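For the protein sequence lines, the chains are S and G, in the order given. Residues 1 to 225 (the numbering used here) make up the first sequence, in order. Residues 1 to 132 (the numbering used here) make up the second sequence, in order.
It should be emphasised that the hints constitute simulated quantities derived from the structure, not laboratory data. The reader is advised that the hints may include incorrect statements.
[Said to hold, decoys possible] Here's a subset of chain S near chain G, in silico, CB distances under 7 Å, partners left out: (1) Pro29; (2) Glu99; (3) Val103; (4) Pro125; (5) Pro127; (6) Ala138; (7) Tyr140; (8) Phe142; (9) Ala162; (10) Gly187; (11) Val207; (12) Gln225.
[Stated by the list, open to error] Listed next, with one range per pair, are the computed distances between beta-carbon atoms: (13) Ser25/S with Leu105/G: 47 to 53 Å; (14) Glu29/G with Phe80/S: 30 to 36 Å; (15) Lys87/S with Arg18/G: 28 to 34 Å; (16) Gly71/S with Asp58/G: 38 to 44 Å; (17) Leu105/G with Thr146/S: 50 to 56 Å; (18) Met60/S with Glu102/G: 22 to 28 Å.
Note that the structure is predicted; figures quoted are calculated from it, not measured. Ideal Cβ placement from N, Cα and C applies to all residues, glycine included.
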Amino acid sequence: MNIRELELEVMRYDPEQDQEPHFQSYTVPCEEDWAILDAINYVKENLDTTLAYRWSCHMMVCGSCGMMINGEPSLTCKTFVRDLPDKVRVEPLANFPIERDLVVVLDDVMEKLERAKPYIIRKEPPPEDQEYTQSRGALYKFKQYTMCVNCMCCYSACPQYALDSSFIGPAVLTLAHRYNLDSRDQGKSDRLDILADQDGVWDCSFVGACSEVCPKSVDPAAAIQ
Amino acid sequence: MSRQPYVRPISKTTWYMRNGRYKRYMLREVTCLLVGFYSLLAIFGLAALASGTPQRWDAFLASQQNGLMVAVHAIALVYFLVYMTFDWFKLAPKAMPVQLGEKKLPALVIVIGHYLAWIVVSLVIFWLAGVI
């Protein structure tokens, strides 16, 4: 198996010692099928155990390994070393405060997510003798929006959120829209407060960057439109 | 251990220089200045027409036919095509997705539909203006 040396520039920030983040370089011998996450894991296991970052599934499902790779927000498990130059810069997701190294603070989005009521709301009691039925056509209206893994790459790509973090943002608006489109849901009016607010859909200026970087092709820009 | 999250600064005036995607967006949005320019031009033209004096209307038409104005119109046309028409037509499937039964109409079909409608509307306008 071919080994390729990768110069990995990683943003480091230790809140107890640093005034601001700085970059630290590591030389990583990568195997040809490695993703950037493998290279970061190599650093953690062999070169520097103090490096802090989030990851879990390594297969684009958990959404926790989103980072800036050469300035682009992406899942590190989906971004392969073979597609990148010999020098790669890894930073924490843009537009979020840095907790430590590559770990960002997501409290703001979590709070917004809760406000959007991303669950089925019923005004009428559920049918007693049967399950809710839903046609395939009704399912396909929103299925694409269920693919979101909350990686928050879209927030990192969104200049509107960067300039004004009171904007509800792409993923939360998409999730609210997903439930609004669900034929089993009756909570559309309950979500209007957050969607139609001045920090809701109206703040989107349709840059479209969220849809371009989304690793799951959810297309948040379409949901917002 | 104390938490001290670090907030990276962002420039309010040069944020769009960060990548090509943002620059393209700004180039598209700048077309609003051209829209403003043509709105003013339409007001001047209408004022000349409404004045009822053929000399004013002729003077307005003549002012649009000098070399400088023809160059401005040509540049504006190309700029509108590249950064307004192409860009917005490309985004149209996001703004108006069409679902037929279980399937969504492919984005390309919606984009082509817009171009066809644009050509038809343009031909009608040319016909009304007596150009064709």
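How the hints compare with the structure:
no.	hint	in the structure
1	Pro29	violated (30 Å)
2	Glu99	holds (6 Å)
3	Val103	violated (10 Å)
4	Pro125	violated (29 Å)
5	Pro127	violated (24 Å)
6	Ala138	violated (9 Å)
7	Tyr140	holds (5 Å)
8	Phe142	violated (10 Å)
9	Ala162	holds (5 Å)
10	Gly187	violated (22 Å)
11	Val207	holds (5 Å)
12	Gln225	holds (4 Å)
13	Ser25/S with Leu105/G: 47 to 53 Å	holds (49 Å)
14	Glu29/G with Phe80/S: 30 to 36 Å	holds (34 Å)
15	Lys87/S with Arg18/G: 28 to 34 Å	violated (19 Å)
16	Gly71/S with Asp58/G: 38 to 44 Å	violated (56 Å)
17	Leu105/G with Thr146/S: 50 to 56 Å	violated (20 Å)
18	Met60/S with Glu102/G: 22 to 28 Å	holds (25 Å)
Taken one by one, the earlier hints fail for this structure at numbers 1, 3, 4, 5, 6, 8, 10, 15, 16 and 17, listed in ascending order.
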